[in-house]
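Undergrad: Sequence:
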Amino acid sequence: MKGIVLFAHGARDPEWALPFQRIRDGYALAHPERPVALAYLEWMQPELAQAIGDLMGRGATQIVVVPLFMAQGNHLKRDLPLLVEAARQANGGVRVQVLPALGEANDMVKAIVEWIEAVTR
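Quick note: to get the numbering used here, add 5 to the position in the sequence shown (first position is 1).
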């Protein structure tokens, strides 16, 4: 079973995480058969390895990491691969797939353009 980790930057202000929690909760409601968790790069918990371990505890045997970043900056190019490898090792070599940044998905760009058009009419 695939588990989904929504991976976000993190911030010192707990309210910053509210939109990401809404995404997690919306996905969980739409896909109750697939465990989903949030993980953060810094300042917030859980970290990636812990979130993966939690999903495995809920029955996940494969992990898909969804970076909730708009672009492939240093965090996704340099930090995330190191965190994924550490998480794999910490969780028995579980298979982890990492998706591209949100801004690289044509459907996401289209949705943002459509939203901008709708709110600026």
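You may find that some hints are simply not true.
Said to hold, decoys possible - The calculated SDA-like cross-link candidates involving lysine to any residue, where the alpha carbons are at most 20 Å apart (straight line), are:
(1) 7 with 93
(2) 7 with 115
(3) 115 with 74
FYI, nobody ran anything at the bench for these hints, they're computed from the structure.
Undergrad: If a hint holds in the structure, say so; if it does not, say that too.
TA: Status of each hint after checking the structure:
no. : hint        : result
1   : 7 with 93   : holds, 15 Å
2   : 7 with 115  : violated, 27 Å
3   : 115 with 74 : holds, 16 Å
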